[in-house]
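Undergrad: Given next are the chains, with one letter for each unit.
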Amino acid sequence: QQQVKQSPQSLIVQKGGIPIINCAYENTAFDYFPWYQQFPGKGPALLIAIRPDVSEKKEGRFTISFNKSAKQFSLHIMDSQPGDSATYFCAATESYGAQKLVFGQGTRLTINP
Amino acid sequence: DTEVTQTPKHLVMGMTNKKSLKCEQHMGHRAMYWYKQKAKKPPELMFVYSYEKLSINESVPSRFSPECPNSSLLNLHLHALQPEDSALYLCASSQRQGVDIQYFGAGTRLSVL
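Order-wise, the sequence lines are chains A and B.
Under our numbering, residues 1 to 113 are what the first sequence spells out, in order.
Under our numbering, residues 1 to 113 are what the second sequence spells out, in order.
Hints are not guaranteed to be accurate.
Heads up, simulated BS3-like pairs for lysine-lysine below, C-alpha to C-alpha not over 25 angstroms straight-line [claimed, not checked]:
no.: 1; chain 1: B; residue 1: 40; chain 2: A; residue 2: 100
no.: 2; chain 1: B; residue 1: 41; chain 2: A; residue 2: 5
no.: 3; chain 1: A; residue 1: 42; chain 2: B; residue 2: 41
No lab work stands behind these hints, which were simulated from the structure alone.
Chain A with its partners taken away, still in its complex shape (with noise of 0.2 angstroms):
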């Protein structure tokens, strides 16, 4: 019950085209769902997040949205760039009980120019 599912693993697109990576959870403690955004070599930046009391949350081309009855929700980035080659990773954690940021799997991200 601790999982978040995250799909695709990988995901190949072209530059202007708009990536969407999926998550999935099933803890309704959930409370908070950071986005990550990695490059090799690099740790984890906080990338976008969202609580569940909103639908969707935008900043720059980056946009969450979030099914809080479906208990899933996305990240698309809008305008990809080859720049935005990197790990993504989405998370989830709760304000209270285990206060642990779990992690989905990870989509490795490539825009090719």
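Given chain A, work out where chain B should sit, using these hints.
TA: Here is chain B on its own, set in the frame of chain A:
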């Protein structure tokens, strides 16, 4: 400044060596974390310190020994490691344990021979 600094960047050690990894943050954060990350996998939580006290130990083998000397510093002491312990070791910090944003360092790439 949202920087978490880890040293060294790379470390090669034999199975009988004793070494330490260091992590420093000056953001006034009161929660600090150690993660282990294998290639193409998400970070795995090892330890959490909250207000300089060990809050979570994810059943990590005793050959890994964490230490939090003060609110800005976190160490990971290594002794008698195995080759399978080779990985990227990431430090992170957050304002408090739980839903606050975790800021990651660039990690220490550890190789155990």
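Undergrad: Each hint: holds or not?
TA: Hint check:
1. With a C-alpha separation of about 21 angstroms, the suggested pairing of residue 40(B) with residue 100(A) holds against the 25 angstroms cut-off.
2. A C-alpha spacing of about 13 angstroms is found between residue 41(B) and residue 5(A), which places the hinted pair at or below 25 angstroms, so the restraint holds.
3. With a C-alpha separation of about 14 angstroms, the suggested pair residue 42(A) and residue 41(B) falls inside the 25 angstroms cut-off, and the hint holds.
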